[in-house]
Amino acid sequence: MKEQPILQIQKLSKQYGKGCIHCQGEHVQLEKNFCPVCKTVYACRDISFELYRGEILGIVGESGSGKSTLMKSLYFDEQITSGIGLLEDYENGTANIFEQSRQQQRLIRNTILGMVYQNPMLGLNMDFSSMSNIAEKQIAAGNRHVRNMEKRSLELLDHVNIPLFRSKEAPRNFSGGMQQRVQIAKALSNNPPVLLLDEVTTGLDLSVQADVLDLIKSIQRELNISMIVVSHDLAVIRMLADRTIVMLNGQIIEHGLTDQVLEDPQHAYTQQLVYSLL
Amino acid sequence: MITVENLRKSFTIHHLNKALPALQGVSLHVPEGSFLGIVGKSGSGKSTILKSIYRTYEPQDGKILFQSEAFGTIDLVQATAREIVYLRKHEIGYVSQFLNVMPRTTALELVEQSLLDLGVSKEEATTKAQQALRHFDIDESLWNSYPNMFSGGEKLRLNIACAVVKEPRLLLLDEPTASLDHSSKLKVREAIEKLKANGTTLIGIFHDLEFMEGLCDNVFHMAKMQQKELV
Chain V
1 MKEQPILQIQ
11 KLSKQYGKGC
21 IHCQGEHVQL
31 EKNFCPVCKT
41 VYACRDISFE
51 LYRGEILGIV
61 GESGSGKSTL
71 MKSLYFDEQI
81 TSGIGLLEDY
91 ENGTANIFEQ
101 SRQQQRLIRN
111 TILGMVYQNP
121 MLGLNMDFSS
131 MSNIAEKQIA
141 AGNRHVRNME
151 KRSLELLDHV
161 NIPLFRSKEA
171 PRNFSGGMQQ
181 RVQIAKALSN
191 NPPVLLLDEV
201 TTGLDLSVQA
211 DVLDLIKSIQ
221 RELNISMIVV
231 SHDLAVIRML
241 ADRTIVMLNG
251 QIIEHGLTDQ
261 VLEDPQHAYT
271 QQLVYSLL
Chain D
279 MITVENLRKS
289 FTIHHLNKAL
299 PALQGVSLHV
309 PEGSFLGIVG
319 KSGSGKSTIL
329 KSIYRTYEPQ
339 DGKILFQSEA
349 FGTIDLVQAT
359 AREIVYLRKH
369 EIGYVSQFLN
379 VMPRTTALEL
389 VEQSLLDLGV
399 SKEEATTKAQ
409 QALRHFDIDE
419 SLWNSYPNMF
429 SGGEKLRLNI
439 ACAVVKEPRL
449 LLLDEPTASL
459 DHSSKLKVRE
469 AIEKLKANGT
479 TLIGIFHDLE
489 FMEGLCDNVF
499 HMAKMQQKEL
509 V
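In order, the protein sequences belong to chains V and D.
So in our numbering, spot 214 of the first sequence is number 214, and the numbers just go up one at a time.
So in our numbering, spot 105 of the second sequence is number 383, and the numbers just go up one at a time.
By construction, these hints were calculated from the structure, which means they are not laboratory data.
Distance condition first, Cα-Cα at most 20 Å in a straight line; then the derived SDA-like pairs of lysine to any residue:
1) D:367 <-> V:52
2) D:465 <-> D:490
3) V:217 <-> D:394
4) D:341 <-> D:309
5) D:367 <-> V:220
6) V:217 <-> D:382
7) D:367 <-> V:54
8) D:400 <-> V:222
9) V:217 <-> D:377
10) V:217 <-> D:387
11) D:296 <-> V:272
12) V:217 <-> D:396
13) D:400 <-> V:159
Listed below are several chain D residues computed to face chain V (Cβ distance under 8 Å; list not exhaustive):
14) 333
15) 334
16) 336
17) 380
Derived Cβ-Cβ restraints for the label pairs, each shown as a range:
18) D:399 <-> V:104: 38 to 44 Å
19) V:263 <-> D:347: 23 to 29 Å
20) V:92 <-> D:395: 26 to 32 Å
21) V:95 <-> D:350: 32 to 38 Å
Think of the CB as a built atom: it goes at the ideal place given N, C-alpha and C, for glycine as much as any other residue.
Please build the complete structure, drawing on both the sequences and the hints.
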């Protein structure tokens, strides 16, 4: 029973600066995520992991550990320094997605990936109506049939529990939880097999947070979408993820089954993180 | 069905800079369809054995050979996280003393969810979940309530219902009757007997030795590190 990953990331690195002899090379271990000599910042260093169909992979780590840079790199918002990314749904997983043209990367972004940002301002145009925001993503994927797009947008807004009489309203007027739900609807508009969720519940109050988490869980169950969920909240990760990766200083320091990472953490930092849990 | 060979587990506590040994070479064997009871003092490592089999804990050394339907003989110590996720969903169940509740998920939905994860249809999941809740005497008026407000005993019975309804091939029971009254314990016993009759292999920790009487085929004593067959 050999399973093929839907997404495979090998040795992904993103650095700001050119590096020097003190920080470059495979076996160089930095104490922090920057070189003390040349001050090059290694936001992500040699990140490798696999994501399988229908699973939720959690990524935890403190602020500045490189979680969001990784997500932005996967969504081509950031250009990586080096690394390989293979998507089963793109050229049968034979082409490195990071080496494709901007046009191809846009195609991947609009048809295979969906992204929900922590800050809805990054994912939504606050001056367009919610419906137009969703339609925009469909147009980007090549849809031109206005009636179909309208129908699909309303379906999605309904699915994420946005009252349809507000579909023509701009997200600017919505609450934080509603804005996140519109973002989720937009991310789902082209039925992507992979959804990236970057701290989607941060800053929301508890009941709204539970609403958004319920929604994510039900979407995963119904549509069997693979998801990468980044959060610094271990409770969110415990609730959603089957497997979890722990990041520190731009590197993966531990990975495994979520309950194993949380109940039997191996790395000193993970232990510190788990013991800090309220 | 499952053979544990020389299992070792210790916990490294980094901030104290020391390792706490929990299991030092445990070996046991559980034939298919039988029930192994584990007895021993608190802190002797009973739960560590179960959690190592379920892979919530990562053992340092040894083998846990499980006869899986999907993978054949598989060493759970070496199995990948994905393989364990599959086995947990389809073949191995775990019941602890604590209920893992999902926020705003009703008791009925919680039991249904265990079945929906297996790919059972919604109608069938609802019917089976209702049967399980009824069997464990969870009042019908509570089915659509959130388990956070349940009493300790109700939570435990719900927890067992979630695991039992999936009819796993191997069920690990970590003191699931710890705070139950006599009649609830009998219900649990009845469910275990039914599972056993259907061929489920069980490993259980119970403090109540009376409860284990007539239920276990073998007993593993933590103090002696020995397995004994009950006749």
